[in-house]
Amino acid sequence: MDGIINSEIMIIILAAGIRLATPYLLAALGEMFVQRSGVYNLGVEGIMMMGAFSGFYATLQLGSPLLGIAVSLVVGALMGLLMALVSVTFKAEQGISGIGLYMFGWGLSGLLFRLYVGGITSVEGLKAVKVPLLSSIPFLGPVLFDHNGLVYTAFLLVPVTGFILFKSSWGLNVRAVGNKPEAADTLGVSVVLIRYQCLIVGGMLAALAGAFLTIGQANMYADNITAGRGFIAIALVYFGRWSPWGILLGSLLFSLADSFQSMVQVLGINFPYELAVVLPYMVTIIALAISYGRVWAPAALGKPFQRGTRG
Amino acid sequence: MNTKFRQVLKQVLVLLAALAGALLVGALFLLLAKSDPIKAYTVMFSGPVNDKYGITETLVRTAPLLLVGLGIVISFRSGIINIGAEGQILAGAIGATAVGTSLPDMPGVILLPLVFLVGGLCGAIWGGIAGWLKAHLSVNEILSTVMLNQIAFQLYMFLIRGPLIDPQEVSYGTGVPQTAIIPAQIWLSKLIPGTRLHSGIIFALILAVLVYIFLWRTSIGYRMRAVGAGPEAARYAGIRVEWYLVLAMALAGGMAGLAGVVEVTGVHHRSLEGLSAGYGFSGIVAALFGRLHPLGTIPAAILFGALLLGAEMMQRAVNIPAAMIMVIQGLVVLFVVSSDHFQRNPGSLAQLKAKVFRGNVDKEGGEL
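Those protein sequence lines, which keep their order, are chains W and X.
Anchor point for the first sequence: position 90 equals 382 in the working numbering, and the numbering is continuous, going up by one each time.
Anchor point for the second sequence: position 203 equals 334 in the working numbering, and the numbering is continuous, going up by one each time.
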């Protein structure tokens, strides 16, 4: 096994680690807004599945991955709207409504795939864009600056969402609604409107995460292509303490574990495939367990808002 | 008419309205896909009640649904949301198969109870892990059970492809991932010759009554429901909340594990790929549709058993993918939880509200 971890392989592992962080980042940053506003959307996985299918199918039909992304964003917004209707307007129990949304998205993406596509079909997905100059830096260039647009977008969203959440007045409203909805309501901030907005944004980002898997990574659609990443993204929000930088750290941790895990398979190291695949799920549980006791959460998380009662 | 009867009638009407709403939305998707929803639904609803085959196959699906649903009732009533039944089914199935295939000469009177015990225990341990993580480390049980599902699935596949694969599959070189057949003395007896209907359905029905007695007529069951209704108040009353959370998840996992055992001993006679067949999720829907009551879950499990069968028949007859049933089930969940808003009756899902992350929020919430 000597010489297997040389610099070329390190570049492949690390570049894949950066690329694979994309779906976690996108979905988790979206869910961060949702939870900051006091809603707990467990349907992320279902929205990701819908985003994965719609992005793939639109690319297949329209011939352009950019249009595929646009369509998946619309689908994600609609899924977010559905969750908002159920959890904000109808004040349904959020854990169970999330499971409903997950089953709905899971079933619908599978149904539409079978009705419209049927078998394995590949599409021309997003192409890698080398950043001029930066990509020619030895080692760092190919690791960081040779990816498709969605990868760059996901990483740029970290500071951008940080700014929106902590420096903009809308972000202040989101945090107020998630912590003290009664107070926000008294000051004339619409709790319902903010939560709708957050769920729609969260839905769009989750769908984008799904679209990345089909048109930015695999260039095809398969059942269960999301493989629990939507749920891991929710865990990352918790692990990252509802902050973009914490989420970035967690996403990289997971994507590197993912990347090493797939390298174990590629390099043919004699280790059962099934046991390697289990790694990210075990890491998720461990990450949640060690977050114990040092976690602050939005105070109104999971509580439907009813004017005139104290949450 | 007394008020109790009226209340039940009202709930049944609301549930049927939720189902009708889900079917209507489902029909819209079929129309969009240029399929004929009337033709599809005709097959889906008439198929399961048409003949002996339909009715027995419905009940074959009811057995695991009811067992999983009973586990869901126990856990949800105790305030813990278990969506790990898929993994718990697999844990029960593989445990039962391993014991059954390794003791082929033991008489059925001893081996069958042993297989049920081991399978139930495997499920209970798999569920109990999530309960322990929730009670002692505040790990959100929804996330941990999803992760445990994925882990169980991979371990299960590893075992039926590797260490536990049927030796015949290896010697013939076919390599289908499935274990050897369990000895015939522990196959559940057939209730109607010539059909697949087995005695597992009777076992599930008896358990439904037992779970009802347990939750409403014993002090342990009372304490578990008290924890579900309000952990702080329960703690104040001297109830050891942590212990009952672990117990609830272990019992829920045990029920799902037994569903796995019933599938192995009653239907497949071995562990194979796709054994859990989505029962872990459909069981949640059945339990919600049964208003989280063990006896209410019985008709709900029969209804959803029929719908699952109907969806398979629909796929064969009019070529509409069986994935349709998952869409309908998801919509049913969304409609049922939404309808609570309009009912506001005690004993509904209202008592489950806002358990998510509560342990942590209470400690130091409030910072902005």
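Among the hints, a few may not be true.
[What the hints assert, rightly or not] Covered stretches of chain W (in silico footprint by chain X; criterion: 3 or more residues with CB under 8 Å from a CB of chain X, positions within the stretch not fixed):
#	stretch
1	379 to 387
2	406 to 413
3	515 to 528
4	568 to 576
Since the hints were made in silico from the structure, they are not lab data.
Computed from a prediction, not measured in an experiment: that's the story for all the values here.
Glycine is no exception: its CB is placed at the ideal position from the N, C-alpha and C atoms.
Give me the numbers of the hints this structure contradicts, sorted from smallest to largest. none
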